[in-house]
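Protein chains in written order, with our numbering: chain D, 1 to 169; chain G, 1 to 329.
Hints listed in this document are in silico derivations from the structure and should not be mistaken for laboratory results.
No experiment lies behind these values; they were computed from the predicted model shown.
Every residue, glycine too, gets a C-beta built ideally from N, C-alpha and C.
Incorrect hints may appear among the rest.
As the list claims (entries may be wrong) - If you only want the chain D side, here are some residues facing chain G, beta carbon under 7 Å, derived:
no., residue
1, Ala11
2, Glu14
3, Arg116
4, Glu141
5, Ser144
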Amino acid sequence: MAIGINGTDYAAPEDPRVSLLDFLREQVGLTGTKLGCNQGACGACTVLLDDERVLSCLTLAVQVDGRKVRTIEGLADAQGDLHPLQVAFIKHDGFQCGYCTPGQICSALAMAEELRRGDPSHVTVDLAAGPEGPTRYEIAERMSGNLCRCGAHNGIVSAIEEMLQGDSA
Amino acid sequence: MKPFTYMRPTDGTEALSLAAMSKQARFLGGGTNLVDLMRQHVETPDELVDVTRLRGNIKETTSGGLLIGAAVRNSTLAAHPHVRQNFPVLSRALLSGASAQIRNMATVGGNIMQRTRCSYFYDVTGARCNKRNPGVGCDAIGGFTRYHAVLGASEHCVATHPSDMCVALAALDATVHVAGPDGDRSVPITEFHVLPGDHPEVETVLRSGELITAVEIPASTMAARSEYRKVRDRSSYAFALVSVAGAIEIAQGTIADVRIALGGVAAKPWRAARAEEFLRGKEVSHEQFLDAAESELAAARPLEGNRFKIELAKRTIAAVLGDLARDAA
Chain D
1 MAIGINGTDY
11 AAPEDPRVSL
21 LDFLREQVGL
31 TGTKLGCNQG
41 ACGACTVLLD
51 DERVLSCLTL
61 AVQVDGRKVR
71 TIEGLADAQG
81 DLHPLQVAFI
91 KHDGFQCGYC
101 TPGQICSALA
111 MAEELRRGDP
121 SHVTVDLAAG
131 PEGPTRYEIA
141 ERMSGNLCRC
151 GAHNGIVSAI
161 EEMLQGDSA
Chain G
1 MKPFTYMRPT
11 DGTEALSLAA
21 MSKQARFLGG
31 GTNLVDLMRQ
41 HVETPDELVD
51 VTRLRGNIKE
61 TTSGGLLIGA
71 AVRNSTLAAH
81 PHVRQNFPVL
91 SRALLSGASA
101 QIRNMATVGG
111 NIMQRTRCSY
121 FYDVTGARCN
131 KRNPGVGCDA
141 IGGFTRYHAV
151 LGASEHCVAT
161 HPSDMCVALA
171 ALDATVHVAG
181 PDGDRSVPIT
191 EFHVLPGDHP
201 EVETVLRSGE
211 LITAVEIPAS
221 TMAARSEYRK
231 VRDRSSYAFA
241 LVSVAGAIEI
251 AQGTIADVRI
261 ALGGVAAKPW
271 RAARAEEFLR
281 GKEVSHEQFL
291 DAAESELAAA
301 RPLEGNRFKI
311 ELAKRTIAAV
321 LGDLARDAA
């Protein structure tokens with residue numbers, strides 16, 4: 001087995017103590033994914049595991065053997081053009097220092113899929129019917145696992161809103 | 001992190017035999033709590049048995065209840081149509097817990113087995129904790145106790161169980177299915193976690209080598225109108241100060257049946273049996289709800305930093321029951 005990372009296979013580490021985050025940064029050389037709190041409180045290390053958002057700091061690399069990981073480095077297309085959400089983050093000032101950005105963007109991509117599926121959130125009024133739409137309130141609640149200490153949250157929500165509008169157009 | 005051996009069994013039987021190889025073995029679910037505790041040297045297993053790939057699904061039982069595999073992820077359970085429709089309190093409780101990323105990782109079994117977030121329990125080098133080192137004392141008592149227990153605590157431990165899901169399961173009369181070296185057994189969720197007493201290091205009735213395999217929720221007409229309200233220091237991604245899971249059945253203006261469970265107040269999800277007893281057969285009114293809450297909280301023993309929880313719990317119980325009664329009318 002192997003861990004598929006952005007389309008390339010890597011052998012899982014020998015030492016089971018290595019987190020997926022440390023594996024990505026220190027063994028694979030993909031330093032886009034960031035280490036924040038290292039205890040599941042900030043979301044900076046968010047990556048996509050089989051298209052679902054997870055925290056790579058609390059995931060042991062050996063646990064994802066045989067599965068597919070996508071990181072911020074895997075979002076641009078083959079020509080190197082940025083993903084529309086990356087473009088929207090730039091347009092709406094969805095960051096300042098940029099440290100939380102890779103986690104924010106990976107998180108938001110999976111969140112868009114959760115919304116499309118009709119998964120409810122804590123603020124969804126009608127549980128059975130699902131979310132009424134991607135309101136700023138819904139987006140903020142669904143992104144609460146990603147902290148931005150620069151306080152760019154309003155820009156982040158705007159960037160995500162733009163991407164979601166693009167999806168439905 | 002202390003070195004350990006990692007193993008990934010393909011079925012429950014293999015998981016049990018692998019875990020039987022060491023007294024210090026731990027089953028690994030999503031890792032959102034255990035991996036963190038290992039990094040802090042609170043947990044130092046020599047063997048991790050990864051049970052996240054054991055078959056886990058959600059099945060309707062013949063009676064109209066649900067059988068939920070222990071490896072089912074919290075996000076999957078929260079979004080399940082049957083749960084949203086018939087057991088909304090469970091969806092609501094799950095969705096109020098942690099973050100989307102953590103709910104994607106966390107399993108049902110791991111949610112039940114998660115340990116207290118008492119900061120003194122985590123502070124291996126700086127604080128005494130009877131859970132970590134039985135008999136050494138408790139630095140939480142006399143310390144920062146905003147998040148600590150007001151019900152069922154002891155002079156040895158005042159920690160709370162942090163789960164939201166378990167509070168909903170307690171209100172729903174759920175049962176925990178367990179497999180072990182001595183066979184299978186079932187334990188009501190309300191009896192699964194134990195109060196600290198003289199042995200706060202003992203947190204559940206799970207025996208060495210036993211594995212949670214599923215959670216069963218019985219059919220309930222009441223549960224279709226059930227609610228979870230969580231009061232916390234920020235509106236998302238925070239543990240409960242107080243939470244209330246409730247369900248109510250009203251017939252001709254009187255309370256035919258009611259379920260109330262509290263979170264954030266004790267070492268276990270707290271089924272408010274006294275308040276339920278008080279309310280059965282009574283007329284629906286805000287005063288009755290408050291009196292019922294009063295009867296439950298009469299046993300509360302606050303610490304310096306959490307006296308507010310008693311009043312908060314009473315008002316939250318009354319508010320939840322009031323909401324449910326209005327919807328039922």
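Could you tell me which of the hints above the structure violates, numbers in ascending order?
Per hint list: 1, 2 and 3 violated.
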